[in-house]
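Colleague: Going line by line, the protein sequences match chains A and B. FYI, the numbering for the first sequence is 4 to 395, going by our numbering. FYI, the numbering for the second sequence is 4 to 395, going by our numbering.
If you are wondering where the hints come from, they were derived from the structure by calculation, not from laboratory data.
Repeated chains share a single entry, so a pair holds when one copy, or any two copies, can fit it.
In silico BS3-like links for lysine-lysine, alpha-carbon gap of 25 Å or less: (1) 233 - 211; (2) 85 - 35; (3) 170 - 30; (4) 64 - 35; (5) 188 - 46; (6) 35 - 60; (7) 170 - 126.
Protein chains: 2
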Amino acid sequence: MNNFDFYAPARIVFGRGTQNQIGELLKPHATKVLLHYGGGSIKRTGLYDQVVASLNKAGLKFVELGGVVPNPRLSLVREGIKLARAEKIDHILAVGGGSTIDSSKAIAMGIPYAGDVWDMYDKGLAIEEAVPVSVILTIPAAGSESSGDTVISNEETQRKYGYGSPKLRPVISVMNPELFFTLPKEQIGYGVADMMSHIFERYFTHTKNADLTDGLCETTLRTIILNAPKVLANPSDYDAWAEVGFAGTVAHNGLLGMGRDQDWACHGMEHELSAIYDVAHGGGLAVLTPAWMTYVYKENVGMFAQFATRVMGVEGSLRDLESVALEGIRRLRLFYEQMELPQTLRDLGIDEENLELMAKRATGAAFDKESPIGGMKKLAWQDVLNIYNLCK
Amino acid sequence: MNNFDFYAPARIVFGRGTQNQIGELLKPHATKVLLHYGGGSIKRTGLYDQVVASLNKAGLKFVELGGVVPNPRLSLVREGIKLARAEKIDHILAVGGGSTIDSSKAIAMGIPYAGDVWDMYDKGLAIEEAVPVSVILTIPAAGSESSGDTVISNEETQRKYGYGSPKLRPVISVMNPELFFTLPKEQIGYGVADMMSHIFERYFTHTKNADLTDGLCETTLRTIILNAPKVLANPSDYDAWAEVGFAGTVAHNGLLGMGRDQDWACHGMEHELSAIYDVAHGGGLAVLTPAWMTYVYKENVGMFAQFATRVMGVEGSLRDLESVALEGIRRLRLFYEQMELPQTLRDLGIDEENLELMAKRATGAAFDKESPIGGMKKLAWQDVLNIYNLCK
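Whole structure, please, built from the sequences with the hints as guidance.
Modeller: Quick look at the structure:
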């Protein structure tokens with residue numbers, strides 16, 4: 004086990020009706036709130052009215068900024084920073100999924116920063132402070148409700164970059180599985196692929212003596228695999244949503260990766276798809292992950308055989324780990340298919356035109372600073388291109 | 004799944020050499036530290052010198068108070084409060100195991116409280132504030148390094164009471180498994196029994212639809228059961244200690260009990276043993292737990308069969324859940340035996356004299372306010388007496 008530093012202070016307030024507590028919950032932390040959200044769905048479902056009523060009841064002032072889109076844009080972040088400064092906002096409440104939360108975090112660190120907030124994403128500058136962010140989660144997927152991470156797309160340069168700081172961890176995240184009942188069907192699969200990927204990126208490792216986190220990863224994956232088909236079949240299944248939603252938070256609060264070298268190649272490869280083609284992050288991950296596994300499993304056959312056995316329920320012979328490993332990957336593909344996820348780049352509407360460009364961007368080769376991606380198996384741009392080609 | 008509120012802000016700094024970072028870690032949080040510890044062991048092992056060197060290097064002032072004993076005493080807590088007030092302490096650093104941490108938390112909440120700190124334990128008063136506490140852990144067992152709980156013994160009245168508040172969660176907890184190498188052999192078993200009990204108290208429940216936390220509990224138990232015999236055989240096995248130590252923290256930071264009704268009868272029954280006989284908490288739990296399981300399993304045969312199957316590796320027929328459940332309990336006894344833990348009250352030096360008194364105290368019947376204990380199976384004082392009798 005590696006040395007590690009675990010810090011996950013986000014308070015998770017979970018369960019039926021919890022969105023109505025938001026005013027009381029924020030009161031000790033806020034005086035004037037920026038209410039940040041996406042399109043009109045929270046108005047259609049009545050959530051917007053519930054949040055406004057709760058804030059009003061607690062005597063909290065607020066201004067609002069809607070319009071967050073998937074793969075959230077730098078332009079709206081800049082608008083939010085300007086608004087928040089003018090209105091003297093001291094807390095940001097994200098009502099939405101990962102895109103809205105990530106946009107909120109970007110605004111939060113941009114407010115006290117004198118330069119342009121893109122500096123943090125582009126140059127990795129450390130931040131001294133950020134306005135606190137809280138969350139009402141409407142899409143279980145990104146895990147941003149418990150993490151200190153944010154991913155923003157710069158639409159001018161077609162770049163999608165991530166940034167992380169402990170100072171960006173939300174203060175309070177409210178999760179009511181009832182709010183997930185109205186999600187469009189494809190969002191269910193995307194969310195599941197995203198949270199599973201957050202576990203895979205931590206799970207596949209050469210680090211030995213990681214029994215506890217191996218097991219935590221595996222049981223969280225099993226929980227998702229057991230319950231996700233239930234919510235797809237019946238989007239009003241509270242109990243199944245509760246498992247999937249809670250698992251999505253546990254998947255990304257950091258715990259499952261403690262003491263392990265992590266990978267993160269699939270996220271790197273996917274960000275390039277989203278940056279150019281604006282595809283759903285979870286859809287991109289569902290296409291890339293089995294291809295990545297097929298490309299790299301020989302690097303660590305024991306790990307993939309363990310995944311196959313403990314997560315995918317493969318009962319093959321441990322005297323033939325390779326066939327066990329391959330059967331595990333095959334079953335993961337079948338699971339994604341069952342979740343009605345895209346299987347190929349073609350399904351995502353991506354042709355061959357930009358594959359090499361994306362491979363070179365993912366590894367920095369396009370910017371003359373090539374650095375292989377992936378913790379378990381280092382991938383050069385040619386490897387990334389090979390994986391993209393496996394996905395055609 | 005029940006609604007829940009999860010908040011575990013303690014930062015865990017884990018790994019080799021981490022005790023030498025304590026000065027730098029505390030610097031943003033402290034100016035004058037109360038260094039609180041137990042007997043002379045931290046001086047013998049050189050840990051005391053390392054801590055003092057690190058505090059000095061960071062320019063932190065400190066005063067010290069040693070003398071914490073297992074089942075930590077109210078008298079020392081009162082002395083600590085007096086000292087901390089006089090010295091204007093703004094942070095308490097516990098260097099030790101659960102007893103030292105619990106004593107530190109008691110001092111922390113006693114400092115700003117105008118009355119006697121025992122009021123909190125005795126009357127359950129809510130606290131408004133507490134001086135922050137940080138930890139260097141030397142005994143993995145109590146999980147107090149991540150919890151907001153404290154248990155103190157009032158030696159005048161022979162009462163041992165617990166108290167909990169989010170305000171008592173440590174700020175930073177340093178865990179270096181190398182510090183566990185010199186633990187006396189019996190402490191290994193006690194610690195393991197204690198952390199396993201923290202999981203059992205959360206695990207055994209009637210709450211349905213708790214797949215994720217079922218699985219998190221089970222894999223944490225399996226990790227302990229796999230690695231604890233390794234540290235007993237070789238107390239310098241870093242990797243095995245890392246698993247056991249990390250598991251002890253995960254066992255008690257709250258996560259494993261989220262969304263579930265919890266039990267806690269074994270802890271209640273054990274506190275009475277320790278209060279009168281001053282036995283090691285883990286030793287008492289090792290004796291009581293299998294007896295409690297035998298007494299209550301019929302209440303929830305499926306849960307105990309799941310425990311037997313998933314944790315203890317029983318491969319019996321699911322058409323005979325009862326025999327599967329009983330085999331699981333039998334194997335747990337064998338595991339405790341393998342860990343060289345006491346098996347009976349006699350092994351703990353406890354005879355029949357006070358069994359009824361302890362049963363009545365555990366349930367409040369001795370104080371004319373009887374209230375059954377146990378979340379899964381309610382136990383009246385007669386039930387507790389029956390369980391004590393099973394342990395003779």
